[in-house]
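Trainee: This is what each chain is made of:
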Amino acid sequence: MNSTDSKLDRDNKALEALIAASLHQDQNPVEPPVVAKYMKGDFVLTPQEEEALRKYSRSLLLSGEAQTTDSLPAANTQCDAVMALHRNKPKGGFSTQTEEELDRKRRELRERLRQNREKKGP
Amino acid sequence: MLDLEARCFLIENDDNKRQAGVRMLFNRYQRPLMGFLGDRFPDLNDDERASAINDVFVEIHKKVVAGTLITNDELSGLIFTIAKRRAIDSRRKNARRIPSGVKLLEEVGDYLKDTETGSDWRLAAILDKTQDVGDEFRQFVKTLKAAQQSRVASVMADALPDWLTDREIADEVKTRFGIHISQLEVKGAKQAFMKKFRDAIKRRLK
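Chains as they are written, first to last, in our numbering: chain A, 1 to 122; chain B, 1 to 206.
Read the hints as simulated data drawn from the structure, not as lab findings. Heads up, a few of these hints could be off.
Claimed, not checked - The calculated lysine to any residue pairs, modelled on SDA-like cross-linking and capped at a C-alpha distance of 25 angstroms, are:
#  : chain 1 : residue 1 : chain 2 : residue 2
1  : B       : LYS142    : A       : GLN27
2  : A       : LYS7      : B       : LYS142
3  : A       : LYS55     : B       : THR143
4  : A       : LYS7      : B       : LEU205
5  : B       : LYS202    : B       : VAL102
6  : A       : LYS119    : B       : ASP15
7  : A       : LYS7      : B       : GLY35
8  : A       : LYS55     : B       : GLY35
9  : A       : LYS40     : B       : LYS202
10 : A       : LYS105    : B       : ASN16
11 : B       : LYS17     : A       : SER63
12 : A       : LYS105    : B       : ASP15
13 : B       : LYS17     : A       : LYS37
14 : A       : LYS37     : B       : GLU48
15 : B       : LYS129    : A       : PRO32
16 : B       : LYS202    : A       : GLU99
17 : A       : LYS37     : B       : ASP15
18 : A       : LYS119    : B       : THR130
19 : B       : LYS17     : A       : GLU111
20 : A       : LYS40     : B       : THR130
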């Protein structure tokens, strides 16, 4: 800061500095509590944001994919079935039968992950 | 557990399955990421943030193909971090005036010394209100209608007051985003930001 600045100038610069700090983002990893906040759904999207997501999700093209901008690959249908595991838990919890089914599915997936890792080796 | 299903797909040899895994992650994370980027990068528009989110999953897929993605742990931290970095790239695209090696946040304190704003800020910190002030200000930036003002905010995000003149900010906006803005408009935008920020602090000290 310039030592010859007037009191008003210095005060304005202090405000500008706080503005810069509030907008600034560094390259550091995002902290787990921040991730958890958003994964818990602690945010609200505007209709415009929802629309932008819809628009861009149609155009997500992973390398090697030959895809039209309007269709998602068939693999996505497969995803949807598994995505049921991510549904929000109802207030009173799931039924015993559903909990058992979820546990079974989790065990199955963990086992599959372990087997795939072993197949691949260290 | 959250990403377990997707990680099962990511370690398959068949790229169709790996892509399915990436798309599972995309479906799961796109909305939380939009919320996160909206709060942290209010100067970027909706399309820029959505584009940054797409880039995250293109990058994840590249890592999978290259065999450099560590699938032993949850991917959420990595995904959010890549999103933040892609958004920073979007904000700084074509930037010519980002000083390298300078820690902006470490120098803010120097500007607050012996100022009324500095005293107010310290009091707000004691009252645990500084986070609220920042949130309110970023929300204000997010709702700006004029793209020019948002772009001034993009440049200010990486510059302390003495680092760039209004003319240099105008030049930087033109270089980064192709938007012509006069020095007067830069000054006007900065004054609007300062008024908003000052009001947000004062209101919390009443």
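Trainee: Determine for every hint whether it applies to the structure shown.
Mentor: Cross-check of the supplied hints:
1. B/LYS142 / A/GLN27: It holds: about 21 angstroms lies between the C-alpha atoms, which stays within 25 angstroms.
2. A/LYS7 / B/LYS142: violated, 31 angstroms
3. A/LYS55 / B/THR143: holds, 21 angstroms
4. A/LYS7 / B/LEU205: holds, 21 angstroms
5. B/LYS202 / B/VAL102: Violated, because 30 angstroms separates the two Cα atoms, which is more than 25 angstroms.
6. A/LYS119 / B/ASP15: holds, 17 angstroms
7. A/LYS7 / B/GLY35: violated, 39 angstroms
8. A/LYS55 / B/GLY35: holds, 16 angstroms
9. A/LYS40 / B/LYS202: Distance of about 32 angstroms is beyond 25 angstroms: violated.
10. A/LYS105 / B/ASN16: holds, 22 angstroms
11. B/LYS17 / A/SER63: Holds: B/LYS17 and A/SER63 sit about 13 angstroms apart, inside 25 angstroms.
12. A/LYS105 / B/ASP15: holds, 23 angstroms
13. B/LYS17 / A/LYS37: violated, 30 angstroms
14. A/LYS37 / B/GLU48: holds, 22 angstroms
15. B/LYS129 / A/PRO32: Holds, at about 22 angstroms.
16. B/LYS202 / A/GLU99: violated, 51 angstroms
17. A/LYS37 / B/ASP15: Status violated; Cα separation ~32 angstroms.
18. A/LYS119 / B/THR130: violated, 52 angstroms
19. B/LYS17 / A/GLU111: Answer holds: B/LYS17 to A/GLU111 is near 17 angstroms, not above 25 angstroms.
20. A/LYS40 / B/THR130: holds, 23 angstroms
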